[in-house]
Amino acid sequence: MPLLKFDLVEGRSKEEIQTILDVTHSVVLASFDVPTGDRYQIVTQHKPFEMVMEDTGLGFKRDPAKMISLTVISRERTTAQKEKFYRLLAQQLDELCGITPENLLISFVINNDADWSFGFGKAQFLTGEL
Amino acid sequence: MPLLKFDLVEGRSKEEIQTILDVTHSVVLASFDVPTGDRYQIVTQHKPFEMVMEDTGLGFKRDPAKMISLTVISRERTTAQKEKFYRLLAQQLDELCGITPENLLISFVINNDADWSFGFGKAQFLTGEL
Amino acid sequence: MPLLKFDLVEGRSKEEIQTILDVTHSVVLASFDVPTGDRYQIVTQHKPFEMVMEDTGLGFKRDPAKMISLTVISRERTTAQKEKFYRLLAQQLDELCGITPENLLISFVINNDADWSFGFGKAQFLTGEL
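Protein chains in written order, with numbering that gives the first Met the number 0: chain R, 0 to 129; chain C, 0 to 129; chain G, 0 to 129.
Bear in mind the hints are in silico, worked out from the structure with no lab data behind them.
All residues carry an ideal CB built from backbone N, CA and C; glycine is no exception.
One or more of the hints may lead you astray.
[As the list claims (entries may be wrong)] With a Cα cut of at most 35 Å, we get these calculated DSBU-like pairs of lysine-lysine:
#  : chain 1 : residue 1 : chain 2 : residue 2
1  : C       : Lys60     : G       : Lys46
2  : G       : Lys60     : R       : Lys13
3  : G       : Lys121    : C       : Lys60
4  : R       : Lys121    : C       : Lys13
5  : G       : Lys83     : R       : Lys46
6  : C       : Lys83     : G       : Lys65
7  : C       : Lys83     : C       : Lys65
8  : C       : Lys46     : G       : Lys83
9  : C       : Lys65     : G       : Lys60
10 : C       : Lys121    : C       : Lys60
11 : G       : Lys60     : R       : Lys121
12 : C       : Lys60     : R       : Lys65
13 : R       : Lys65     : C       : Lys121
14 : G       : Lys46     : C       : Lys46
15 : R       : Lys65     : G       : Lys83
16 : G       : Lys13     : R       : Lys121
[Unchecked claim] Taking beta-carbon pairs under 8 Å as the criterion, some of the chain C residues facing chain R (in silico):
#  : residue
17 : Ile16
18 : Gln17
19 : Gly36
20 : Tyr39
21 : Val51
22 : Asp114
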């Protein structure tokens, strides 16, 4: 937790995707108060016509080949933590992956302690293990 | 925002899927108070055995080849807006895409202003840009 | 409702996946107060590098070929119901599908009555049909 679900247009190599995941995890660690091993990432690749991302009228164009939609399922984070995550992720994906900052859509979906089981049939936020 | 995630059984052409997305976006515009460019749509196609949609005991049968599950991640909308969205989408997909209304499952997942970044590392609902 | 979204590493047969879905539905029925036909399941299969699931520092290793991430979109359930679901699902997947309990990540995403339409353009939790 958090669980990060990436939707990408196909065309990147395995290594490019692994770098995106590594960079994003480093931003998770820098933004949220979580252990290093708190890493849950799932990628779904799509054909170009399967992803539409416009601009809500903000006045920019995205590059269909580079677009990323990232949905983060998480317990609540502060607004400051979310803003840091947005800022750092845009910076790092630009610098380290060549994904310019207009190509990034991020949405959080917030849940609670009882909503997670990390294995073994238990809710580790309730048992005291986490 | 909203971000619409479509799950479909494979077998439709690219053009058929694009029509589904266009029709759905016109219903988003008619139902919610959003700009024209507020369009975020992601399609994942599945093999038939990867999608199971029954009827919760309501007493009808779905056509596995036509089933659509649509999850809408959005800031809160009124019940009236959601009901309008359900009604119009079922109507329009039936009339314009041949998807009869028993084949549509819709679920909303609600989040908040701080939960969105549309690009550039910023939370545009908080900065005043949106 | 609930709507269950499974993310799996590819490599299982159709029959193995169908068994996972059948077993999970039996656990839904045993854990939540829902009708038999309340079955909504979507599977997305991934290449191994598209799924990363570590351990949040709990001290175990997962088997990449067997890992399952399951996100359950649902109206609120009690903590006791969620705990029962976690416990039974880990047990049953182990006994009946050979998926040992360290390979299971479960997250709930909670919504409300107005957030569901099961077909026909209606919100069946609001109309009194459900």
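- Hints that the structure is at odds with (numbers, increasing): 4, 5, 6, 9, 10, 12, 15, 21
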